[in-house]
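Residue numbers (full-length UniProt numbering), protein chains in the order written: chain A, 1 to 734; chain B, 1 to 179; chain C, 1 to 294.
If you're looking for bench data, these hints aren't it; they were derived computationally from the structure.
Heads up, some of the hints might be wrong.
As the list claims (entries may be wrong) - Derived pair list, reagent style DSSO-like, types lysine-lysine, alpha-carbon separation capped at 27 Å:
id : chain 1 : residue 1 : chain 2 : residue 2
1  : A       : Lys672    : B       : Lys37
2  : A       : Lys226    : B       : Lys12
3  : A       : Lys160    : A       : Lys110
4  : B       : Lys12     : A       : Lys672
5  : A       : Lys132    : A       : Lys114
6  : B       : Lys12     : A       : Lys233
7  : B       : Lys12     : A       : Lys488
8  : C       : Lys184    : B       : Lys37
9  : A       : Lys672    : B       : Lys11
10 : A       : Lys365    : A       : Lys570
11 : A       : Lys389    : A       : Lys568
12 : A       : Lys160    : A       : Lys365
13 : A       : Lys389    : A       : Lys488
14 : A       : Lys559    : A       : Lys365
15 : A       : Lys134    : A       : Lys393
16 : A       : Lys570    : A       : Lys559
17 : B       : Lys11     : A       : Lys233
18 : B       : Lys94     : A       : Lys203
19 : B       : Lys37     : B       : Lys11
20 : C       : Lys260    : C       : Lys43
21 : A       : Lys570    : A       : Lys393
22 : A       : Lys111    : A       : Lys134
23 : B       : Lys94     : C       : Lys139
24 : A       : Lys226    : B       : Lys156
25 : A       : Lys539    : A       : Lys132
26 : A       : Lys365    : B       : Lys12
27 : A       : Lys203    : B       : Lys11
28 : A       : Lys226    : B       : Lys11
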Amino acid sequence: MSENAITRRSFLAGSAGVAALAAAGGYMSFGAWKQACADEPASDEGSWFAYSMCNACSSKCGYKAYVKRGRLSKLIPNEYDAHAQGKICARGYGYPAIVYSEDRLTDPLKKNDKGEFEVISWEQAYQEIGDKVKAILDSDGPQALAMVQDPRPSGAYYTKRFMDALGSPNFYTHGAACNISKASGFSQVIGAGDFSADVENSKMIMYIGRSVADAVRPAHLLALQKAHDNGAKVVMVDPRCNNSTVFADEWLPVNPGTDLAFLLAMSHVLIRDGIYDAAYVAENVVGFDEFAAGVKDCTPAWAEAICGIPAADIERLAVEFSQAAPAACIDAGWRGAFGNQYANSGETARAIAVFNTLLGCWNQKGGALFLPSVSAGKLDEEKFPAVPKPEGKKVGSEEYPLASSSMGVNVFAAQRAKEGAIKGMFFYNSNMVAGYSNPVYLQECLDALDLCVVVDIQMSETALCADYVLPECSFLERLELPAFNGGKVPSVSLRDKVLDIVHPNTKPCDEIFTGLAEACGVGEYFPFTVEELADAQLKSVGLSLDALRKVGTISFPEKAFEYGKAPKWKTPSEKIQFVSEACVAAGYTPAPTWVAPAVTPAGGNQFRLITGKQAMHSHTMTANCEPLMAITQDYDLTRIWMNADRAEQLGISDGDEVEISNDQHTGRCRVKVTQRLNPTAVFLPPAYGCSSKDQHTAYGIGLRSTDFQAYQLENGYGSTMSHEILVTVKKVGA
Amino acid sequence: MARYGMLINTKKCVGCFACRTACQRQNDLLPNESFIKFHEFERGTYPNVTIEHVPTQCMHCVDAPCQAVCPTGATYTTEDGIVCVDHGRCIGCKYCMAACPYGARVVNEETGAVDKCRFCTVSALDGTEMCTCVTACPTGVRIFGDLDDPESEVSKQIAELNAQPIDGDLTEAKVFYVR
Amino acid sequence: MSFEPIWGAPIAWYLFLAGLGGGAFVTSAFLRWRHPEAVNMRKAGHIIAPVVVMIGLVLLMIDAEAGLHHPLRFALLLHNPFSVMTWGVVFLAAFMVIALVVLLLDFLKKRVPAWLEVAGVVFAVCVAMYTGALLGVCKTFPLWNNALLPILFLVSAMSAGAASVLLVGALRFAGEFEVVGLLKKAHYCLPLVEIVLVAALCFITSYNSTAGFDSVMGLVCGSWAPLFWLGLVIVGLVAPTAVETWLLFFAPKEFEESSKARMVSVGVDACVLVGGFLLRYLVVMAALPVVFVM
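Work the whole structure out from these sequences, hints included.
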């Protein structure tokens with residue numbers, strides 16, 4: 001966060017006419033940004049600007065968007081936005097092209113008896129969906145309805161409120177196909193689903209399966225570079241030598257799915273040599289002895305045989321960690337390695353939380369932090385009536401008891417649809433069919449529904465399975481609710497409406513779900529506009545929509561993080577739990593121990609199929625965006641990566657076309673022969689293999705990893721285990 | 001009068017393509033029209049590997065071969081040493097593309113005219129006070145400035161880091177590299 | 001990022017047709033000097049020359065898309081006196097004017113002044129050489145950037161020009177075709193010279209740089225190899241030479257003057273023309289740029 005950030009107090013001071021008032025130490029005044037705004041060229045006809053937030057990934061970086069003659073012009077990243085910090089990534093600049101895509105959905109669609117989509121009116125769509133929802137509620141109750149959404153500021157609010165109003169607890173995020181194991185595993189140990197490594201102040205930072213240069217959140221990348229420049233030791237544990245290794249001291253090409261063995265062995269060394277923070281552990285931890293007993297045999301030599309990292313390196317790194325502690329930690333990661341990849345991802349997450357605890361680094365400078373955030377306070381009950389909490393348990397919460405309750409196991413809801421228990425599903429900003437698990441299986445699940453409604457801006461593979469497709473306007477054409485971001489200084493950013501509606505018959509999600517709620521007979525919970533709600537939320541924290549509109553981001557320095565403050569552990573024992581009863585109930589050992597991945601490649605022409613990120617794409621979300629797909633095409637980025645030695649053994653040369661097959665799927669693509677990959681795996685770039693013909697830029701380009709993925713869920717945690725895939729690879733024509 | 005140039009420090013480049021799409025967005029280019037190209041190198045053998053990303057673009061050569069061959073005078077050099085294309089004069093013969101040793105020029109498929117990096121700082125508007133790629137780069141790979149001013153950041157860094165043109169004296173380039 | 005050739009078939013056709021036109025004009029002049037009786041063949045050369053050059057120029061203008069949308073911009077072509085393309089425009093313009101005047105004089109059945117024919121020959125040679133120099137000054141492409149290329153293109157242009165005139169002679173003016181022995185001998189020599197020049201170009205280019213080596217490898221054993229060996233070398237160079245050798249030195253006298261022999265000649269000339277185009281096409285397409293970053 002820049003020192004010149006606009007703060008809540010300085011903003012108020014400024015708007016009260018007190019210029020250049022330094023309200024909080026180190027934070028500059030309203031006058032400063034007013035001066036900056038005065039330098040802007042006067043807007044002429046059809047030209048203006050507004051603050052918005054990117055929609056190309058979950059980071060939602062803030063920027064100022066300029067409009068010229070009614071069309072989007074330049075984007076200037078917001079220096080004060082928590083995630084952008086003055087930068088946006090390749091997707092940020094490229095993704096807005098989707099606004100003008102010829103593949104945009106322009107009207108509500110209904111699938112007819114022949115399976116073709118027909119244009120219908122909004123009235124008809126609302127009416128028919130409302131009738132079907134009511135019929136399902138009458139026959140099977142609210143438990144037979146489910147919602148899957150990838151959280152966005154308005155979307156998360158409106159979809160949740162809609163489901164609450166219908167009385168259904170079956171509200172899911174994309175998490176089971178993203179970071180559910182990580183969030184759930186962390187929660188078992190530290191009572192929180194996430195933490196933030198204090199990367200820029202660390203003396204030693206280790207990333208496991210996380211590449212901040214490939215899955216870019218600018219704030220994360222900037223922090224890594226700072227750490228590197230400060231001389232911190234940066235260690236990258238990843239089967240792939242990812243692009244973040246530019247700023248790393250070491251790359252450890254771990255065998256995919258075995259990070260847990262590596263972590264247990266490092267913990268073993270800390271405990272064996274007594275170089276962990278014993279005082280911290282004694283004071284804060286439950287179950288240390290059980291964990292210590294469990295890793296007694298997890299020697300570096302044992303781990304080397306499993307994970308491929310030399311025992312000497314494991315010994316050395318553990319010692320280096322202990323020397324750097326408490327200004328050291330393992331980064332929380334995002335999706336890679338333990339978000340939803342392996343049969344042991346949840347347990348890997350537990351082991352990371354345990355390891356960081358051994359370092360005593362929680363809330364220490366350079367360690368692992370729990371950063372504050374601000375949320376909207378109480379609103380006027382009359383204008384924003386409270387919705388009763390739905391009764392009953394979320395579908396999947398019993399079968400996957402460790403799964404984060406705020407995320408839920410989305411694909412399990414789809415499975416229950418196939419089994420007849422769920423009758424109606426809604427999707428918002430979610431392409432479950434192509435992106436979450438096996439597309440053929442998920443399509444069958446959705447085909448079994450009485451009602452499937454998809455809200456999107458283009459015809460995704462999931463939308464193809466829908467009975468009704470409702471066209472949203474794009475993110476630049478709508479105002480959304482304020483986004484409260486955690487941080488060392490928490491802040492709030494706004495996605496304001498930048499452009500006039502491009503396709504007149506599209507609507508923003510707030511209107512869509514308000515309309516659906518009315519049609520479903522629960523309109524009484526939506527007697528407000530998004531503007532009114534946004535303003536009320538902001539007023540509840542001492543701001544206003546008008547104020548936020550003027551600057552895009554406002555921070556709350558009075559809520560700033562302080563080092564050294566002991567966190568409150570929201571665990572059953574209110575301590576850090578190296579042991580977990582819930583994990584035992586789910587069939588795991590009390591403290592994390594070695595759990596093998598579900599599959600192991602046999603060698604020869606068999607590999608584990610892994611995926612990851614490329615900096616210009618976000619899964620299926622960005623593939624149909626022309627400037628981003630042009631990069632893919634220019635640099636032939638759909639190629640599957642293969643280790644050079646393995647390729648040589650198989651007689652495969654760089655650029656050869658290869659056939660990749662397993663019992664789920666067979667496909668062909670070119671190969672990138674590289675020194676940058678663990679020999680046991682092939683790396684298939686994500687985002688490709690679009691099978692929706694209505695996405696003309698993306699259709700048919702490259703392969704999709706989910707096609708090779710069986711529908712299977714991680715024990716207890718419910719993740720889709722996206723890397724538990726074996727494939728054989730052979731040269732075409734050989 | 002200035003002599004504009006750029007420093008590109010590949011040691012900081014993570015090959016994220018932000019400069020490419022930023023340049024396209026801010027300069028209103030077509031999706032497949034890119035002024036910046038990337039060259040990726042991996043060195044060493046598994047597991048001792050290093051990677052390098054080298055972004056290249058118009059080097060704004062003093063002795064610009066593109067300008068030498070341009071038959072219509074569409075390519076010209078400003079007083080500040082910026083090699084420019086006057087789109088109103090370009091016939092799209094692509095001779096400049098054949099002459100440029102850096103492959104820095106691209107055809108705009110809508111107009112048929114040839115285009116390239118403009119060192120866009122000079123025409124900066126709407127909040128961009130610097131070349132788009134310079135401000136967009138998340139890791140600070142690029143520095144832009146006046147090579148004639150020994151006090152400019154770019155001059156100081158070129159001297160300090162001993163930055164060199166990408167290919168020796170192939171041309172008298174004004175983009176310098178640290179590798 | 002893989003390299004995409006900057007120019008394609010239209011420019012290859014343009015380079016070929018400009019050379020062909022120049023060659024045809026020179027052939028006509030040669031006939032006037034050594035075979036004044038072959039009037040019709042000479043006139044045929046005078047027709048071929050401006051027509052094919054005109055077609056080539058149209059192709060060039062279509063390829064120059066920005067100019068095509070704004071034709072007035074072509075008026076700017078004389079702006080840069082240091083550009084080979086500007087010289088080319090001058091040479092082409094002068095040549096076209098002369099060739100059209102000559103054609104007009106032929107049409108009006110007036111005698112073409114010798115000085116005009118000589119001037120035409122000078123510009124015809126300039127045009128043919130220019131097509132090689134146009135590519136030759138591009139330092140980026142080793143396959144182009146050498147002094148051999150203009151000579152090779154000149155020889156090929158003369159060969160193609162002579163072939164086109166002989167082709168018309170064999171098909172339309174059998175009597176004249178039988179008597180232009182010197183032209184045939186000259187025409188016979190040209191592919192031989194070309195073979196030597198192509199071989200020299202490949203050898204020298206493959207030694208001068210990695211890109212040069214890769215370009216030549218692309219021709220002799222890469223993706224262009226089938227077209228190079230079958231199209232250019234066999235059809236365009238070796239076959240005409242072999243057949244002509246037989247016709248000129250070994251065939252029985254009676255066969256040499258038969259209509260069958262003329263048909264064989266037609267085939268040979270067609271092969272030479274195919275070879276002439278393929279030479280330009282392969283040189284344009286197979287050239288790889290020097291690697292400037294590694």
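Okay, the hints, checked on the actual structure:
no., hint, verdict
1, A:Lys672 to B:Lys37, "holds (19 Å)"
2, A:Lys226 to B:Lys12, "holds (11 Å)"
3, A:Lys160 to A:Lys110, "holds (24 Å)"
4, B:Lys12 to A:Lys672, "holds (24 Å)"
5, A:Lys132 to A:Lys114, "holds (20 Å)"
6, B:Lys12 to A:Lys233, "holds (16 Å)"
7, B:Lys12 to A:Lys488, "holds (26 Å)"
8, C:Lys184 to B:Lys37, "violated (52 Å)"
9, A:Lys672 to B:Lys11, "holds (23 Å)"
10, A:Lys365 to A:Lys570, "holds (22 Å)"
11, A:Lys389 to A:Lys568, "holds (26 Å)"
12, A:Lys160 to A:Lys365, "violated (37 Å)"
13, A:Lys389 to A:Lys488, "violated (32 Å)"
14, A:Lys559 to A:Lys365, "holds (18 Å)"
15, A:Lys134 to A:Lys393, "holds (20 Å)"
16, A:Lys570 to A:Lys559, "holds (20 Å)"
17, B:Lys11 to A:Lys233, "holds (17 Å)"
18, B:Lys94 to A:Lys203, "violated (53 Å)"
19, B:Lys37 to B:Lys11, "holds (17 Å)"
20, C:Lys260 to C:Lys43, "holds (25 Å)"
21, A:Lys570 to A:Lys393, "holds (21 Å)"
22, A:Lys111 to A:Lys134, "holds (20 Å)"
23, B:Lys94 to C:Lys139, "holds (15 Å)"
24, A:Lys226 to B:Lys156, "holds (21 Å)"
25, A:Lys539 to A:Lys132, "violated (38 Å)"
26, A:Lys365 to B:Lys12, "holds (25 Å)"
27, A:Lys203 to B:Lys11, "holds (21 Å)"
28, A:Lys226 to B:Lys11, "holds (14 Å)"
Going down the numbered hints, you'll see the structure goes against 8, 12, 13, 18, 25, while the others check out.
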